[in-house]
Structures are given as C-alpha cells and as structure tokens.
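**Q** FYI, the numbering for the sequence shown is 1 to 771, going by full-length UniProt numbering.
Source of the hints: derived by calculation from the structure; they are not laboratory data. Among these hints, one or two may not hold up.
Below, in silico cross-link-like pairs of lysine to any residue (SDA-like), each with a Cα-Cα straight-line distance of 25 Å or less [as the list claims (entries may be wrong)]:
| # | residue 1 | residue 2 |
| --- | --- | --- |
| 1 | Lys-126 | Tyr-213 |
| 2 | Lys-770 | Asn-277 |
| 3 | Lys-612 | Val-224 |
| 4 | Lys-24 | Pro-130 |
| 5 | Lys-741 | Arg-611 |
| 6 | Lys-300 | Gly-458 |
| 7 | Lys-188 | Cys-202 |
| 8 | Lys-229 | Arg-273 |
| 9 | Lys-373 | Met-540 |
| 10 | Lys-768 | Ala-638 |
| 11 | Lys-379 | Tyr-366 |
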Amino acid sequence: MLILMPLRTLDIINTLRPNVSGAKALFKQIFGFSDSHVSLQPTLCSHSSDINVTKTTCLYNSLHKLFKILIRKAIYCPRAKLLNKHITINSTESDSSSYEHTPLLDQQNLCCSKRQVVSFIWAACKSIVPRELLGSPSNQRILRKNISRFIRLRIYEKFSVHQSMFKLKISNFSFISDNHSLCNSSTKQNISTRWIYWLFTCLVVPLLQANFYITDSENGRLEVFFYEKSLWEKLMKQSISSLKEHCYSLLDVNGVKKIINKREFGFSRVRFRPKENGIRPLANLRSSSKLSRKDSKDFKAVNVVLRDLHAALKDLQLRKPEKLGSSVFSYNDVHRNFRKFLSRVKSGLDALPCVYMVVADVQKAYDSIDHDKLLRVMKDVITDDHLLHQTHQFVMSNGYMQVCQYVNLSRQFRSHIHTRSSHSVLVNQGRCTRAMKDRLHFNLEQHLKYNVLHIDKGFYLQTVGIAQGSILSSLLCSFYLGHMESTKLVPFLDKVTETGIDSMLLRFIDDFIFISTSKKQAHAFFSRLERGFFEYNCHMNKDKFALSFDVEKISPQSNRLYIDENGNNFLRWSGLFINCVTLEVQADYTRYLDGHLSSTLTVCWEGNPVRKFREKLCDYMRPKCHPIFYDSNINSAAVVRLNIHQAFLICAMKFHCYVCDLSDICSLDSAAYMGIICNSLRFMYMLMKKRMYSLDVDTDSRPILKVKKREVEWLGLTAYVQVLKRKQSRYTELLYLLESKLKLLDVVRFLPGLKFAADKSNSLVLWKIKY
Numbered sequence: 001m002l003i004l005m006p007l008r009t010l011d012i013i014n015t016l017r018p019n020v021s022g023a024k025a026l027f028k029q030i031f032g033f034s035d036s037h038v039s040l041q042p043t044l045c046s047h048s049s050d051i052n053v054t055k056t057t058c059l060y061n062s063l064h065k066l067f068k069i070l071i072r073k074a075i076y077c078p079r080a081k082l083l084n085k086h087i088t089i090n091s092t093e094s095d096s097s098s099y100e101h102t103p104l105l106d107q108q109n110l111c112c113s114k115r116q117v118v119s120f121i122w123a124a125c126k127s128i129v130p131r132e133l134l135g136s137p138s139n140q141r142i143l144r145k146n147i148s149r150f151i152r153l154r155i156y157e158k159f160s161v162h163q164s165m166f167k168l169k170i171s172n173f174s175f176i177s178d179n180h181s182l183c184n185s186s187t188k189q190n191i192s193t194r195w196i197y198w199l200f201t202c203l204v205v206p207l208l209q210a211n212f213y214i215t216d217s218e219n220g221r222l223e224v225f226f227y228e229k230s231l232w233e234k235l236m237k238q239s240i241s242s243l244k245e246h247c248y249s250l251l252d253v254n255g256v257k258k259i260i261n262k263r264e265f266g267f268s269r270v271r272f273r274p275k276e277n278g279i280r281p282l283a284n285l286r287s288s289s290k291l292s293r294k295d296s297k298d299f300k301a302v303n304v305v306l307r308d309l310h311a312a313l314k315d316l317q318l319r320k321p322e323k324l325g326s327s328v329f330s331y332n333d334v335h336r337n338f339r340k341f342l343s344r345v346k347s348g349l350d351a352l353p354c355v356y357m358v359v360a361d362v363q364k365a366y367d368s369i370d371h372d373k374l375l376r377v378m379k380d381v382i383t384d385d386h387l388l389h390q391t392h393q394f395v396m397s398n399g400y401m402q403v404c405q406y407v408n409l410s411r412q413f414r415s416h417i418h419t420r421s422s423h424s425v426l427v428n429q430g431r432c433t434r435a436m437k438d439r440l441h442f443n444l445e446q447h448l449k450y451n452v453l454h455i456d457k458g459f460y461l462q463t464v465g466i467a468q469g470s471i472l473s474s475l476l477c478s479f480y481l482g483h484m485e486s487t488k489l490v491p492f493l494d495k496v497t498e499t500g501i502d503s504m505l506l507r508f509i510d511d512f513i514f515i516s517t518s519k520k521q522a523h524a525f526f527s528r529l530e531r532g533f534f535e536y537n538c539h540m541n542k543d544k545f546a547l548s549f550d551v552e553k554i555s556p557q558s559n560r561l562y563i564d565e566n567g568n569n570f571l572r573w574s575g576l577f578i579n580c581v582t583l584e585v586q587a588d589y590t591r592y593l594d595g596h597l598s599s600t601l602t603v604c605w606e607g608n609p610v611r612k613f614r615e616k617l618c619d620y621m622r623p624k625c626h627p628i629f630y631d632s633n634i635n636s637a638a639v640v641r642l643n644i645h646q647a648f649l650i651c652a653m654k655f656h657c658y659v660c661d662l663s664d665i666c667s668l669d670s671a672a673y674m675g676i677i678c679n680s681l682r683f684m685y686m687l688m689k690k691r692m693y694s695l696d697v698d699t700d701s702r703p704i705l706k707v708k709k710r711e712v713e714w715l716g717l718t719a720y721v722q723v724l725k726r727k728q729s730r731y732t733e734l735l736y737l738l739e740s741k742l743k744l745l746d747v748v749r750f751l752p753g754l755k756f757a758a759d760k761s762n763s764l765v766l767w768k769i770k771y
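Whenever a hint applies, use it, and build me the whole structure from the sequences.
**A** Structure (structure tokens):
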C-alpha cells in the first residue's frame, strides 16, 4: 500500500467546506482581495457579495460555484488510487517489503520517470479541477504540456508565469466568456493569469511535494529526480541503519544540549542524495539552528563560525605547503608541476623517455578519516595565532556586479587572490581580528568529534569521518593525506628510488597520480597503495586503480584506462586525459557518455534570449580554455589544435541542445544564431591568450601558445558544421552561413595540423555523446 502525505500547502482546501463561505475563502486566496493593487471584486461583479448565487450568472458567482465543486472534488480525490495507477515500479521490485533489501547499487534506478510523474499530476488535476476551469480540450493539451515543462526543469532553471500561460487561449476558458460584459480583455487576462498561477503554485507543486521526494543526484548532473515518498522513506531508513553501524551514533535531546550549549554553532540538518552505489548524506552547515520552537536560543551556522578557521588554513596552505604533501588545488598547480617534470625528464634528450603511470582514488576519503589522528595532525599545522583582515569581496561576472561577500583573510592570502583573480575586487575594511590558536583548535575539535546531525526526527553524532558540506572538508582531507604521504608514502618511495630515476606525485584532494621513469618504482608505488595505510584508516578504491603498464593484480577493464580506436592509451585523472606514452594532456569527455548532454544545461527563457544565449555559450567554453591544453611545452601542435576542435565540438552540441529547449518558447533567426557562434569563436581565442599570458609561473617555464586566430576560427566553424549537419533539417540556412564563412578562411591547405584536429576518427569518443 502506497502511503500518501497530506497536501501541506493546501491546508486551506483541507479545512474548507464546499459551501458559500468556503468558496469565498478560496476566491480570496486566488485573486487576493486583500491586495488593493489587484482587487478584482468590483470588476468581476456589480452585485453585492451577499446576493443569492443561484439567481445570477455573473462571473463572480460563476467562479464561486466552480470553486465549491473544486473543494468537494479535492476532499474526495482518490489520490492513492491515481498514484498506484500512474507510478509503477519494475516488476522485480513490485513488492514494497522487498525495498529494504534492494541492493544499494540499484537504488538510483528506482526513481520515477518524469513521464509517469506528469501522468499522475495531470490525472490528479483533472480529478480535482472542474472541466470549465481547465478549458477546452486544446487548452488542456497545452496546459498539460506546460505542466510537463515545469516537471522537467533542471536544477537552477526558473519557471515564470509567462511559461505557465504559454499558448493558452483565454477564449478557450468557458468560465471567462464574452457573456460577462463587465470583463474587458485586460481583466480576463488578469483573471486567467491568477488562476493558472494558483493552479501551479497551490495544486501542482503541493501534489509533487506530498507524493515525491525530489532531489538531484551525484551522477545525474543538473537533472532532477523524483522518488515516490513511501519508497524513499524505506531507502532512507536503510541508509540510516547502515550509517549507524559504521559512523553514526544516536543522541537524545539531553545529549544534544550538553554538546551545543558550550559552543557558538549548533547542529546541521541532513538530506540524502542518490549516487551510483547508494545514498550519500549531505549536511547543511550553512544554516542556523534551533533545538525547538520553545527554545529562544538560536545557534549560528557551522560554516559561519568556522570562517576564521578556514581563513587560517588557507593562509597555512601558502605558508606551509610541505604540510599538504603532493596536493594540487587547481589546473594551474597541475600545469606547473607537469611542465617542471617534463622539463627535467626531457633535459638533454631528443624525445621523452618511457614513463609509467599509476592513478588511484581513496575509498570514502571523507567518511573514513580518523578524528583523533586528524586532530594530532592539525596540532602540528596550527601552531600560532592568525591575524585576519576583514574584507569585502566584489565579484564581476558578465559585466555585472553579482556577488558582494564578506570574508576574513590573512594579508598573505589576500595578496595571493589579487594576483590570481582578474574579475574580483577585495576591499579592506581597515579592521582586523586575531584568531587565537586555542580557539581555532577548540572549534576544530568541536566540529570533528561533536558534529551533531539532525536526520528525519532524530539526532546523531558522527563518530568517523568529516562532514561533506563543511567549508573545511577539502583542506582537512588534504592536510590529513599530506601527513600520511610524508610519514608513510614518501619514505617508502625513497627506499625504492634508484639513481637516474625521476618521478612526480600529484593528488587532487584524494585522487592520486604517480608518473615515473622506472617501471619498478611505479609498480612499488601501486603495491604500497594497494596495501593501504591502516594507521590512517586509509584504503584505496580497488575499482578506481589504473596503470599504464601490465600488472597481474589489476583489472585491465578499469574505466580509468581508456583506449581509443587508434590504439592510444590514456589514463583518466581529475577531468584530464593523459596520454600514457607522450604525457600529452587532453580533456576527459567520457563523463558525458552516461546520459543526454541536455542534462548539463541551464536554459534561461526570460529577458533577452540572444544575450543570455551568447553568455551561456561563452560559459561552456570557459573551463576548456586552460593553458594546460594549449601549452606547446606539453602538447604537440596537432594535439593543441585537437583540443581546440574538441572544445568547440562539445560547445556545438550544447548549442543544439540549448536551441531545442529554447524553441519551446521562442526561436531566433539564423543571423542571430550566427552572431552568437562567431562571438564564441572570438571569446575562445581571447580567453586562451589571456590565461596563457597571465599564468603565474616561473620565467623558465612560461607557457607557449602557437595558434593563430584564423586557426581557432577555422577549427570552431568546422566543429559547428560537423555537429549541426547531423541535425541539418533544423539548420539549413545556418549551415549555409557557416560554410560560406569557412570557405573565406581557407587555411587548412596551408596548415596540415588542422586536418588532424578536424578528422572525426581522432574524436570518436565525442561522437558517442547523445545530443
């Protein structure tokens, strides 16, 4: 039996009776008599409000009659029956008692399809709302389509009143007919808009909230997923039970009070997020908390209180980099280390010597950190008080001042931000505070050992690991694993290192890559990681090992080893494709293979669509404009151009997905699309140059850009033509414009490297992406 939750935001309907007073109350909620700006009663009816409704056919009284029917239908709506009919689970999981034993790996597949959700919502609306209020059959089809668009929204997308009314014809609503002579066209538009707005906000949304757990997913990108409420509750209970066995312990209210009353911050509420092999708990550490409604004390948000500690750790990141081991925090750091390593191993040689690579990932890195061990590590890191300057940060984006954020920074880290950020301004407020060492350690200990979590209706204490959602998590993990490296891993590597061997170890939080000119050393590194580090409760994920050489114990089918159709081997590491032979670096696009590319978009329908589209297309190019892909010190001329072409290929695919979504509301002409594309070509080249020349590196390792503007334009236009030709029925005129501009460039016969880049056989992984 499926369990139905009450419509919490429809309390007014649940408490109303299908009579005159009930209809009046609902009428007031929809049309807002209390709002003098939109008071509609005088225009709806010239009769007094107490007239006998059975003796008049005015709009005011017609609506009252329909609202009485709506209230009655809402009371008797068979929502449980409708939910059972329209929301179906796979036959293998049809027995609700079996959900508790569903393997975690399969839980993400138990969400409802959006088609089923739309079907249920529409059936419920038809069951509750009188036919006159839904309009003619054609209006109903349009309304259902608009509801479908609403349900299919991705994260960060907005749904306006204009979209809810899109293509609906007022004349097809029988309750607003020409018989009501007192209603002019403006009044009719106002009435219909308010009615549809109420339908979405006070019926569709509450139905969704009452019957589904709506969430994002770790592997679903920007898509939204719907889980039937009773099923989700069973999955959540199973997850909580598993967490209680490993890292959570139950607390009573007195235990919670004892902990939080001696500190500034309180507890955090937890939501669960599906992932590939289970459900991940995510704590909201950004909100304040109160133990009960009766309790007058408000506790500060965890991340607010930890702000000074975070600033101190960022300062130590710069002043004591040795404490972080091989940690890298950006592609700038990766680029710098790669460039130095290549310079060393190529020194005096005509070609790169044979290299051996290992990539590995820590299993449940955040969840397995030992609290006592981490506190001992941080005692050795935080050894002094920290002087923090109160600062306002103003961030410019797309020509607008979008963010004004208060931060506490050390003087050294503030200077570091000034040198690396060209689109923000830090304004010193002239005030500074001293973060005392003892206070920093106290807050850290409270955060680690006494992290109180509110889950469902209970309180829990996290006994192992650090909270995901904390502003400190990535830094604490980096210091922790950095200490493990310096005490265990580096001494081991020193023992197996031979004369003439060169190597490089990098780690993005918990993701390792090791490159060595010695196969013996690389194999020893792999063997040491495979054994784990029991003192640190640190073990590697066996499924995420990948090596560039043969080892009996490692499966050659690891998804982190990719072999293209030309037989080239690549290791996937932190969003990069690293060639196992040449160490050339490409972007990893395999992460797009699991779903449709449209799941990565955020479409904006409001405002100026041309300007918004232009900005979005540039945003798609931005992550792929890093110097690591275009530096001729790292990549050959052919691979540099291949990277440019592939960046434009993925951008062109997103262009098509965006056009398809945008066309539901509006469509642009080919000239407008051409202008948007040409702007992305210019943007790519300018941003490549800007980042290449502004990179903060040593003088002897300055990146080199050997690509001309015309080459970038040719590669971009070719990419758009290749992608859009697969959808050419939609882009006949646009393709003509693109090909005409491409002929004017005519540079390919002079630069053979471009032919290699544009050859589809060198980008086959991208052509497998669904768009």
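**Q** What hints, given by number in increasing order, does this structure fail?
**A** none
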